[in-house]
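Engineer: Construct the entire structure; sequences and hints are all you get.
What follows is the residue order along each chain.
2 protein chains.
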Amino acid sequence: MGLLIVGSIALDTVETPFDKVENALGGSTTYISLAASYFTSPINIVGVVGNDFPQKYIEMLQEHNIDTEGIQIIENGKTFRWGGRYHFDLNVRDTLFTDLNVFEKFDPVIPPKARKSSFVLLGNIMPSLQLKVLNQLEKPKLVVCDTMNLWIETTYDDLIKVLKQVDVLIINDSEARQLAQEPNLIKAAKVIRGMGPEFLIIKKGEHGALLFDENAVFSAPAYPLENIYDPTGAGDSFAGGFIGYLHQTRDLSFDNMRRAVIYGSTMASFCVEQFSTRGLEYLDKLQIHDRFLEFRELSRFDDNE
Amino acid sequence: MGLLIVGSIALDTVETPFDKVENALGGSTTYISLAASYFTSPINIVGVVGNDFPQKYIEMLQEHNIDTEGIQIIENGKTFRWGGRYHFDLNVRDTLFTDLNVFEKFDPVIPPKARKSSFVLLGNIMPSLQLKVLNQLEKPKLVVCDTMNLWIETTYDDLIKVLKQVDVLIINDSEARQLAQEPNLIKAAKVIRGMGPEFLIIKKGEHGALLFDENAVFSAPAYPLENIYDPTGAGDSFAGGFIGYLHQTRDLSFDNMRRAVIYGSTMASFCVEQFSTRGLEYLDKLQIHDRFLEFRELSRFDDNE
Chain Y
619 MGLLIVGSIA LDTVETPFDK VENALGGSTT YISLAASYFT SPINIVGVVG NDFPQKYIEM
679 LQEHNIDTEG IQIIENGKTF RWGGRYHFDL NVRDTLFTDL NVFEKFDPVI PPKARKSSFV
739 LLGNIMPSLQ LKVLNQLEKP KLVVCDTMNL WIETTYDDLI KVLKQVDVLI INDSEARQLA
799 QEPNLIKAAK VIRGMGPEFL IIKKGEHGAL LFDENAVFSA PAYPLENIYD PTGAGDSFAG
859 GFIGYLHQTR DLSFDNMRRA VIYGSTMASF CVEQFSTRGL EYLDKLQIHD RFLEFRELSR
919 FDDNE
Chain G
619 MGLLIVGSIA LDTVETPFDK VENALGGSTT YISLAASYFT SPINIVGVVG NDFPQKYIEM
679 LQEHNIDTEG IQIIENGKTF RWGGRYHFDL NVRDTLFTDL NVFEKFDPVI PPKARKSSFV
739 LLGNIMPSLQ LKVLNQLEKP KLVVCDTMNL WIETTYDDLI KVLKQVDVLI INDSEARQLA
799 QEPNLIKAAK VIRGMGPEFL IIKKGEHGAL LFDENAVFSA PAYPLENIYD PTGAGDSFAG
859 GFIGYLHQTR DLSFDNMRRA VIYGSTMASF CVEQFSTRGL EYLDKLQIHD RFLEFRELSR
919 FDDNE
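These protein sequences, in sequence, are chains Y and G. Residues 619 to 923 in the working numbering are what the first sequence spells out, letter by letter. Residues 619 to 923 in the working numbering are what the second sequence spells out, letter by letter.
In short, the hints are calculated from the structure, not lab data. Take these hints with a grain of salt, some might be off.
Repeated chains share a single entry, so a pair holds when one copy, or any two copies, can fit it.
[To be verified] DSS-like mimics (lysine-lysine), calculated; alpha carbons at most 30 Å apart, straight line:
#1 LYS808 to LYS638
#2 LYS808 to LYS822
#3 LYS759 to LYS638
#4 LYS805 to LYS903
#5 LYS822 to LYS805
#6 LYS782 to LYS759
#7 LYS750 to LYS808
#8 LYS731 to LYS750
#9 LYS779 to LYS759
#10 LYS903 to LYS822
#11 LYS822 to LYS731
#12 LYS696 to LYS759
#13 LYS638 to LYS805
#14 LYS779 to LYS805
Structural biologist: What follows is the structure, encoded as structure tokens:
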């Protein structure tokens with residue numbers, strides 16, 4: 619059965635040293651589903667917007683074969699808006715504003731046809747909402763979850779409940795250290811896997827990503843980008859490429875997860891090359907596979923013995 | 619012809635959260651030559667010590683087939699001493715003291731038999747001394763150089779002169795950003811390669827290393843160590859494994875450089891597992907090759923098409 623993606627849908631105002639966009643399409647659901655759309659279908663997304671949300675964005679998602687029935691449109695409501703400014707080195711950003719608007723009362727309702735989704739991506743939303751989503755599902759085969767420092771700090775108990783039901787947790791390195799209360803990432807991975815997830819992915823930005831299961835570690839390189847125009851959505855694009863490829867192949871072996879991590883990194887690298895979701899809107903499968911092969915060239919070495 | 623290594627020889631006092639050692643063997647020459655000794659010979663080292671330097675350390679180096687004729691022993695002089703303390707996460711260290719002693723007037727004299735060395739490793743010493751070394755050599759085939767933020771800040775012009783004669787520069791990521799005055803490492807690599815070195819290696823600690831030439835980038839993973847007992851000497855062990863393997867194979871192709879970077883990372887991983895040079899003293903070739911293969915397992919992925 620299908621792939622279900624639940625998270626935020628937003629209008630982003632983003633400044634970087636290179637340019638500025640206002641009210642551009644953003645939100646975790648958006649980036650995740652676009653990235654996944656190059657690998658698989660059907661994809662159902664669940665989120666909430668106001669009636670100020672441009673219809674053209676919904677049409678663009680639909681053109682990517684994404685089923686938007688699960689988007690709630692709140693009459694007389696305003697869409698979630700986020701504003702951020704990236705510094706010169708693009709690793710640091712300031713949040714300029716966060717207007718939750720209709721997202722504040724988001725109550726995720728999974729359309730009946732999506733309740734049997736076999737693969738589920740819980741985007742970075744409040745853990746209690748992630749639990750609500752899980753409670754509406756009929757035995758998904760794979761639950762992939764994103765979270766953030768805010769939930770680790772403010773809703774730790776709910777997060778722990780979520781993690782018990784999660785197969786793959788995707789977080790960044792500082793979140794991993796915070797969640798495990800352990801500076802060494804290898805030790806931290808053991809602690810976090812002990813909280814529930816069989817697989818853990820730690821994203822390290824310009825340093826790539828690590829995938830852990832009980833016995834193995836996979837270290838994925840980062841794509842060597844000279845020009846990063848907008849880092850927004852990179853982590854969500856990673857998650858989308860990752861689960862999209864897994865859903866396409868239906869293979870949860872560690873070797874296939876390695877490939878899925880590289881496809882995730884591939885989609886993240888396309889994402890940051892343009893503002894907002896533009897880097898994910900006009901790709902084709904050949905381009906994606908070519909970049910996958912570039913990742914191989916980047917990290918391959920042979921034994922000479 | 620042989621491999622020449624020039625740098626510091628020191629007695630280190632190191633505190634970590636786990637233990638403390640006083641007057642243990644240290645210095646760049648020491649770590650580099652021990653790491654290289656598992657790959658190749660003859661190795662000539664050049665450095666300076668006082669007559670307080672324990673003879674047992676010189677014998678230990680000799681047992682590793684390292685020619686110590688180039689070690690100057692200064693009568694009534696004291697050996698260079700360094701003291702440092704590592705914090706809980708081991709990525710941060712405080713220098714507690716630096717007593718240069720005989721190292722302050724170090725004037726590297728290359729023994730006649732080592733002047734025709736084909737491969738040269740210039741450890742992290744003042745650039746003017748690195749130039750003095752180069753001036754005594756007869757057309758080496760490969761010059762590998764280490765440097766540090768102090769020389770970028772205080773003796774930039776001399777460093778630039780050195781770089782024009784260097785084939786491979788090995789520095790860490792913050793030094794690369796500082797030297798190139800560019801936060802993006804891919805752009806920084808282009809700037810630094812423009813200063814002279816055909817190859818550039820950027821070490822990123824727990825995030826691995828990057829190797830650059832004109833056309834390609836190789837991203838090497840870091841070995842997933844749960845327990846790092848003493849990070850001192852990791853960078854020098856990397857350099858020693860790197861040049862030792864290149865000197866053994868006499869192959870300067872990019873593909874062989876990839877392997878050399880992994881052998882460098884391998885030696886660094888052994889180094890930090892024990893205090894001082896102990897992690898490098900009792901290895902054998904099989905152990906080293908096994909860990910090389912672990913690096914392959916860590917970073918391999920296949921194309922499923």
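Engineer: Taking the hints in turn, state whether each one holds.
Structural biologist: Hints and how they fare:
1. When the C-alpha separation of LYS808 and LYS638 is checked against a cutoff of 30 Å, the pair qualifies only between copies, where the shortest distance is 28 Å, while the shortest distance within a copy is 41 Å.
2. In this assembly of identical chains, LYS808 and LYS822 lie within 30 Å of each other by CA distance both inside one copy and across copies; the values are 17 Å within and 23 Å between.
3. Proximity of LYS759 and LYS638 under a CA criterion of 30 Å is satisfied in neither setting, with 41 Å inside one chain copy and 50 Å between copies.
4. In this assembly of identical chains, the alpha carbons of LYS805 and LYS903 lie at most 30 Å apart only when taken from different copies (28 Å versus 37 Å within one copy).
5. Both within a single protomer and between protomers do LYS822 and LYS805 lie at most 30 Å apart by alpha-carbon distance, with minima of 16 Å and 19 Å respectively.
6. For a Cα distance limit of 30 Å, the shortest separation of LYS782 from LYS759 inside one copy, 14 Å, qualifies, whereas the shortest one across copies, 58 Å, does not.
7. Taking the shortest alpha-carbon separations for LYS750 and LYS808, only the intra-copy value of 27 Å comes in at or below 30 Å, while the best inter-copy value is 50 Å.
8. Only within a single protomer do LYS731 and LYS750 lie at most 30 Å apart by alpha-carbon distance; the minimum there is 17 Å, versus 76 Å between protomers.
9. For a Cα distance limit of 30 Å, the shortest separation of LYS779 from LYS759 inside one copy, 18 Å, qualifies, whereas the shortest one across copies, 61 Å, does not.
10. When the C-alpha separation of LYS903 and LYS822 is checked against a cutoff of 30 Å, the pair qualifies only within one copy, where the shortest distance is 26 Å, while the shortest distance between copies is 33 Å.
11. For the homomeric pair LYS822 and LYS731, neither the shortest alpha-carbon distance inside one copy (36 Å) nor that between copies (48 Å) is at most 30 Å.
12. Neither within a single protomer nor between protomers do LYS696 and LYS759 lie at most 30 Å apart by alpha-carbon distance, with minima of 35 Å and 68 Å respectively.
13. Taking the closest pair of Cα atoms, LYS638 and LYS805 come within 30 Å of each other only across two copies (23 Å); inside a single copy the shortest separation is 40 Å, beyond that limit.
14. In this assembly of identical chains, the alpha carbons of LYS779 and LYS805 lie at most 30 Å apart only when taken from the same copy (22 Å versus 44 Å across copies).
In this structure, the hints that do not hold are numbers 3, 11 and 12, in rising order.
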